[in-house]
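Peer 1: Starting from the known structure of chain Z, arrange chain U on it as the hints suggest.
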Amino acid sequence: MSLRVLDPGIQCTVQAAARDGLRHAGVPACGPADPVSMALANRLVGKPVAAPCLEITFGPACFRFESRTQIALTGARATARVGGVERPFHTTISLKAGDMLELGPASAGARIYLAVSGDLPADPFLGSASTYLPAGFGGHEGRALRKGDHLRIASMDGLPQLETPHALRLPVSASYALRAVEGPDWPPGTHRLTNAVYRVTPRLSRMGAEIDGDFPSFPDAGPKPSAAVFPGTLQVTPQGRGFLLLPDGQTTGGYRHLLQVIRADRHLMGQLRPGDSLRFLMCTQDQAEAALRAKQVLLETWMPDFRL
Amino acid sequence: MRQGAYHIIPCGDDALRILCGDGDIRYQIARQLGSCDAWPEIIPGKSDLTVAFDPHMETMDAAIDRVREALLAGVGVSTHIPRRIELEARFGGGEGPDLAAMAERLGESETRVIEAIEASQLHVDMLGFTPGFAYLAGLGPALISERLRHPRARVAAGSIGLITGQIGLYALDGPGGWPIIGRVTTSLFNRLDADPFLLRPGDEVVILRSAAA
Numbered sequence: 001m002s003l004r005v006l007d008p009g010i011q012c013t014v015q016a017a018a019r020d021g022l023r024h025a026g027v028p029a030c031g032p033a034d035p036v037s038m039a040l041a042n043r044l045v046g047k048p049v050a051a052p053c054l055e056i057t058f059g060p061a062c063f064r065f066e067s068r069t070q071i072a073l074t075g076a077r078a079t080a081r082v083g084g085v086e087r088p089f090h091t092t093i094s095l096k097a098g099d100m101l102e103l104g105p106a107s108a109g110a111r112i113y114l115a116v117s118g119d120l121p122a123d124p125f126l127g128s129a130s131t132y133l134p135a136g137f138g139g140h141e142g143r144a145l146r147k148g149d150h151l152r153i154a155s156m157d158g159l160p161q162l163e164t165p166h167a168l169r170l171p172v173s174a175s176y177a178l179r180a181v182e183g184p185d186w187p188p189g190t191h192r193l194t195n196a197v198y199r200v201t202p203r204l205s206r207m208g209a210e211i212d213g214d215f216p217s218f219p220d221a222g223p224k225p226s227a228a229v230f231p232g233t234l235q236v237t238p239q240g241r242g243f244l245l246l247p248d249g250q251t252t253g254g255y256r257h258l259l260q261v262i263r264a265d266r267h268l269m270g271q272l273r274p275g276d277s278l279r280f281l282m283c284t285q286d287q288a289e290a291a292l293r294a295k296q297v298l299l300e301t302w303m304p305d306f307r308l
Numbered sequence: 001m002r003q004g005a006y007h008i009i010p011c012g013d014d015a016l017r018i019l020c021g022d023g024d025i026r027y028q029i030a031r032q033l034g035s036c037d038a039w040p041e042i043i044p045g046k047s048d049l050t051v052a053f054d055p056h057m058e059t060m061d062a063a064i065d066r067v068r069e070a071l072l073a074g075v076g077v078s079t080h081i082p083r084r085i086e087l088e089a090r091f092g093g094g095e096g097p098d099l100a101a102m103a104e105r106l107g108e109s110e111t112r113v114i115e116a117i118e119a120s121q122l123h124v125d126m127l128g129f130t131p132g133f134a135y136l137a138g139l140g141p142a143l144i145s146e147r148l149r150h151p152r153a154r155v156a157a158g159s160i161g162l163i164t165g166q167i168g169l170y171a172l173d174g175p176g177g178w179p180i181i182g183r184v185t186t187s188l189f190n191r192l193d194a195d196p197f198l199l200r201p202g203d204e205v206v207i208l209r210s211a212a213a
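Going line by line, the protein sequences match chains Z and U. Numbered according to my numbering, the first sequence spans residues 1 to 308. Numbered according to my numbering, the second sequence spans residues 1 to 213.
Quick caveat, the hints were computed from the structure, so don't treat them as lab data. Don't take each hint at face value.
[As the list claims (entries may be wrong)] Here are the in silico distance ranges between beta carbons for each label pair: (1) R143/Z <-> I144/U: 52 to 60 angstroms; (2) G93/U <-> T284/Z: 53 to 61 angstroms; (3) P187/Z <-> A38/U: 28 to 36 angstroms.
C-beta atoms are modelled at their ideal positions from N, C-alpha and C, and glycine is treated no differently.
Here chain Z stands alone, though its shape is the one from the complex:
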């Protein structure tokens, strides 16, 4: 059984669990940019939520399956066709040997997740099979998939036909509101961020997204000592540009850490694309805790092994 990459699109990588516990050594989280969508895809093919999946950026992309298998698609909004017939996201899809899956370009959102019922091969490295492109490790030979790549996957079908419950299909749009708490460098007395609208620029990768807009100014503009940063950290440069860090982002930084997107909402960052508008809804620690609990409870009803 195997999967052949006919067109990987702009970027297609194998992602699995986050690479935790090594940030003191400069190793970033890695893993899916949108872990909720990846978990939902795995759920539909009976896999653990962090089993290796393909993360497809934007599309279009095309794959051929060389024996019977079952797959599932989640994430960005795009059309999927098998043998020319449109197939829905968020359901278990059964394929015959030789079926070709064609994904159109994403019309909203940035990343599509493709889960397959048989195990996807991936190199475990530093506790995770996720690809980390800058250092070339994990996933498939530490690199993005290329046209002609051939992934051997265990044959596996006969799974029940599942559908993601509608309450768990998170909306993908061109406009996001991310809840955030004040970061360590938040200028005291600042309030205006709450109503400001920001925009995602074309400088976007798995490491981070550049954000355009009106950020508060800092009384002392010079560099500050490098300190830990995380996925969800919004850094502001002395020139007033914002950088929102994603899973492959660096582990320490010397720019102003203005705010931190709360844990409950970080999965949404994985669907940001150039031109999307963005608002930051500032909240308290108590509100962040409540938001995490509420979303966790909702996701757990369908995916007991998932942790935001």
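Peer 2: Same frame as chain Z, now just chain U:
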């Protein structure tokens, strides 16, 4: 200052920051927290220590209390002696393409620059930027050097970068913006180890010319 008295601030909704200054205390606290409790991440910065906690298990306030208790329990002079690591290196040539220009700019011979590095008592200030990249402090201010105007897309593992006051060691191949003056022959990375990077924050480091060079 007593350890329990450090200012602790939130860093997002699932991490906190101990403002403990730029001394060895960062590594002492990191070891102390690492040994007594399970924290998902303990990350030394240049002048602080950031600790991640699991917000599914405890609140920010509870995590801060737990850190304070650990600090109070561990007050006192650390008995830990920093590890001392000697690294062998080859300088200049293809492995240190920026050494010649740096020496010329400083008005020194390459040998004098190398000797100044060998004589430096360095220590690992922190790791970061890319996996295993080690910032070594303790280089005298005389070796003036700035980041490259055009960063290299690929710098070989083991490369020794130098900017004024600091050495940067690249544990893995990767992009890099520091002038490269040599390469250590000791492997900084072993992919089979649980913590695969040789250097850890707080280690004392001496870099010496390889006998084979």
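Peer 1: The structure should be examined with respect to each hint, and the outcome stated for every one.
Peer 2: Right, here's what the structure says about each hint:
At about 38 angstroms, the beta-carbon gap between R143/Z and I144/U misses the expected band of 52 to 60 angstroms. The hinted window of 53 to 61 angstroms between G93/U and T284/Z holds, with their beta carbons roughly 58 angstroms apart. At about 34 angstroms, the beta-carbon gap between P187/Z and A38/U stays in the expected band of 28 to 36 angstroms.
Of the numbered hints stated above, the single one contradicted by the structure is hint 1.
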